[in-house]
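> Residues per chain are reported as follows:
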Amino acid sequence: MKGKIKNIRMFMVLLFVFVLAFNLCGVFTVEAVTKDAVRLIREVTGELPENLPDKIVVGVSWNEKLHSMIQAWQDYMIQYSKEYGQENAVEFEWIINVADGDPARQHSNIEDLIVQDVDVIVARAQDAAAIGASIRAAQEASIPFLTFDRQSATMKPDAHVGANSYSQGLSTARALVEILKNNGIKGKAIEVMGDLRDINAVNRSKGWHEVEKETGAWETVIQVPTEWKPTKFKTGTTNALEAHPEANVMFLASDFCWSAVEEALKEDGRDIKEMWIATQDLNPQGYEAMKKGYIDVGTTYDCYFHSLAAVEIIAKLAAGEELNGKNFLVPGRLATPDNIDELEYMWARDYED
Amino acid sequence: MIKKIFPYLSILLLALLCIFLAVFVPGFFTIRNFINIFKQSSALSLMAIGMSIVLIGGGIDLSIPATMALSGILGAMYMRGGGNPIIAVLIMLAVGICIGMINGYAISYLKMIPFVVTLSMMYIATGASTWLTKEVSIYGLSSSYINVLLSKVWFIPLSVLILLLITAFITVMTRRSVFGKWLYAVGIDPESSRYMGIPKHQIIFATYAFSGLFAGIAAVIIVARLMSASATMGNIDIVLNVIGAAVIGGVSIYGGVGSPLGAVIGALIITIIGNVMNLMNMSYYTTLIVRGSIIVVIIALDSFRCRLSI
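Protein chains in written order, with this note's numbering: chain A, 1 to 353; chain H, 1 to 310.
The hints are simulated quantities; they were obtained by calculation from the structure and are not laboratory data. C-beta atoms are modelled at their ideal positions from N, C-alpha and C, and glycine is treated no differently. The reader is advised that the hints may include incorrect statements.
Not close to chain H: a few residues of chain A, all C-beta gaps over 10 Å, as computed [to be verified]:
1) G85
2) D100
3) Y166
4) Y345
DSSO-like mimics (lysine-lysine), calculated; alpha carbons at most 27 Å apart, straight line [stated by the list, open to error]:
5) H:K152 to A:K234
6) A:K188 to A:K156
7) A:K156 to A:K266
8) A:K234 to A:K186
9) A:K156 to A:K186
10) A:K291 to A:K326
11) A:K229 to A:K181
12) A:K35 to A:K213
13) A:K181 to A:K213
14) H:K111 to A:K65
15) A:K229 to H:K152
16) A:K229 to A:K188
17) A:K82 to A:K55
18) A:K273 to A:K181
19) A:K65 to A:K82
20) A:K266 to A:K234
21) A:K188 to H:K134
22) A:K232 to H:K134
23) A:K273 to A:K291
24) H:K134 to A:K213
25) A:K156 to A:K206
26) A:K156 to H:K152
27) A:K291 to A:K266
28) H:K181 to A:K156
29) A:K156 to A:K181
30) H:K134 to A:K206
31) A:K292 to A:K186
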């Protein structure tokens, strides 16, 4: 009996040591990974600011919250602000509102943040033109304004953090040129565009067409406007496939609606693996599709790095640094079915659509 | 007793809401925030005035936000091309009135159903807006237009002053003028009003022309406020807010009851709710629950009022 108890005790001790060791390994790994990411992002944002205040109240205006990417941005920002706060003795408070895709409501929401005297305003614009009115209002109240992900077309904010969507378009298109060249393919392409009020959609399309012009590796036979609406991804792709049965290449401005495109391809009787498909972002749907080999190439849209960069810039603005409307653009990384599993900090692994 | 209180319910509701929020929500009861609320509610209030006139007359106009967007886009396009801002304002008003007159003609003279006519008009105006803008916002407007409309008289924004003046004028018009009396008579019982010699068709026609005009005025305000115009300004959700503002303000969707002043108070209540949810930093999901509950309350209020036959 005593022996049995001894064995159980020993087992419990071993289990405790194992769990402790496992946790410690985990902690060290996470810390090391985070530090590595911070080092990478500070190459874009620069070093820490001086004169950090004790507390920073951040007002965030999201244009909508239908997409998991926005929740990911928010979670990563809050998570990193805690780490940043511990390291630099500063407390972050977040006031967050959502505009449900209405530019007028977003303007009102930002006015409410101004009334609350936040230290910095961060906004992902619903409308690149209308956000200018909010920037103007914030500047009149002497509150620094950071545009996030989508740039303003009308007024210069104090700073902008986002992806380099133009280089994203170029990187994907150039990689596709190589793929087509290696397979001896002359492409007839369907371009599934984003919302033309979103500068990222415009830049990606610009990159795609520049490479097309430069190399002649494909000819874009039809452009499908979608306004980033899933229904338009589906109907637009269906119509384009019917109108252009010769199309053998597709360029998607984003893969967040991959399932709609996949359905359209299947309904048209296409073998998806026989189409040459280039997309952007590596959203949860796109990530899975690339793992299955449906998507041949894409450039990542790194929410994790965007959020880190945003917190770094928020701190600089709150510390009174003059950034004069500088753009802090986070470059994407080229992804193919061969390297997708090796890419670190992929938000699509943590979130589902 | 209840019947006596009901017409003043919206004012009572607004007062109670303000007292409650002043106690429990820090930052709510400040002049700065009140001006902010008035500023935010100005376009919604103007559309709600238009809607209230149509509702009192026994109709409904679902095309108000889409008309507002199309008017704003046409005026903004004219201004972007270097056009005079005063003419741009006139274009916005004229487009609104024209669309309202088309609705009014179809409903009063062609005897078409208001819901169907204005719903169709909503799609037509939205389609035209999207086609004209190619889904891209119109910006680069005249700075004098923006600066004047965003200016302040003492500490009150011009848009708020415009709203107050229009509300005062329209309240007097509906209470004191012959048009006002005929409007309520047509709304309560269209058939009897005809036997009383009231020009029913002209009154109904005029209500839609009025709502078009108010959509145009709202466009003038909102285009300046956003410094741009786009098809999304006529977002379908805004229709709910406009009808909601009118009904919360005591206007019945069954006709003949309420006032434009009530609709403005309703718009203020809706704006205050949004403002307070932001001040309290409520989570997005809670705000959805609150908004959904408000719609239920609106419907309950109106059917209660209908049962009392007020």
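> Does each hint hold? Answer for all of them.
Taking the hints in turn, this is what the structure says about them:
1. G85: Given that every Cβ of chain H is farther than 10 Å from that of A:G85, nearest at about 18 Å, it holds.
2. D100: Violated, because the least Cβ-Cβ distance between A:D100 and chain H comes to about 7 Å, which does not exceed 10 Å.
3. Y166: 18 Å, holds
4. Y345: Check passes; 25 Å lies beyond 10 Å.
5. H:K152 to A:K234: 48 Å, violated
6. A:K188 to A:K156: Distance of about 39 Å is beyond 27 Å: violated.
7. A:K156 to A:K266: 45 Å, violated
8. A:K234 to A:K186: 25 Å, holds
9. A:K156 to A:K186: 42 Å, violated
10. A:K291 to A:K326: 36 Å, violated
11. A:K229 to A:K181: It is violated: about 33 Å lies between the C-alpha atoms, which goes past 27 Å.
12. A:K35 to A:K213: Given that 27 Å is the threshold and the Cα spacing comes to 41 Å, the pair is violated.
13. A:K181 to A:K213: 15 Å, holds
14. H:K111 to A:K65: 43 Å, violated
15. A:K229 to H:K152: Not OK: A:K229 and H:K152 at ~39 Å, beyond 27 Å, violated.
16. A:K229 to A:K188: The given pair, whose Cα atoms are some 24 Å apart, holds under the 27 Å limit.
17. A:K82 to A:K55: 12 Å, holds
18. A:K273 to A:K181: 17 Å, holds
19. A:K65 to A:K82: Holds, because 23 Å separates the two Cα atoms, which is no more than 27 Å.
20. A:K266 to A:K234: 11 Å, holds
21. A:K188 to H:K134: It holds: about 25 Å lies between the C-alpha atoms, which stays within 27 Å.
22. A:K232 to H:K134: Holds, at roughly 15 Å.
23. A:K273 to A:K291: Cα-Cα ~12 Å, so holds.
24. H:K134 to A:K213: OK: H:K134 and A:K213 at ~24 Å, within 27 Å.
25. A:K156 to A:K206: 22 Å, holds
26. A:K156 to H:K152: 24 Å, holds
27. A:K291 to A:K266: It holds: about 18 Å lies between the C-alpha atoms, which stays within 27 Å.
28. H:K181 to A:K156: Not OK: H:K181 and A:K156 at ~52 Å, beyond 27 Å, violated.
29. A:K156 to A:K181: Since the Cα atoms of A:K156 and A:K181 sit roughly 42 Å apart, the hinted pair is violated (cutoff 27 Å).
30. H:K134 to A:K206: With Cα atoms ~17 Å apart, H:K134 and A:K206 stay inside 27 Å; holds.
31. A:K292 to A:K186: 24 Å, holds
In summary, the structure is inconsistent with hints 2, 5, 6, 7, 9, 10, 11, 12, 14, 15, 28, 29 from the numbered list given earlier, while agreeing with the others.
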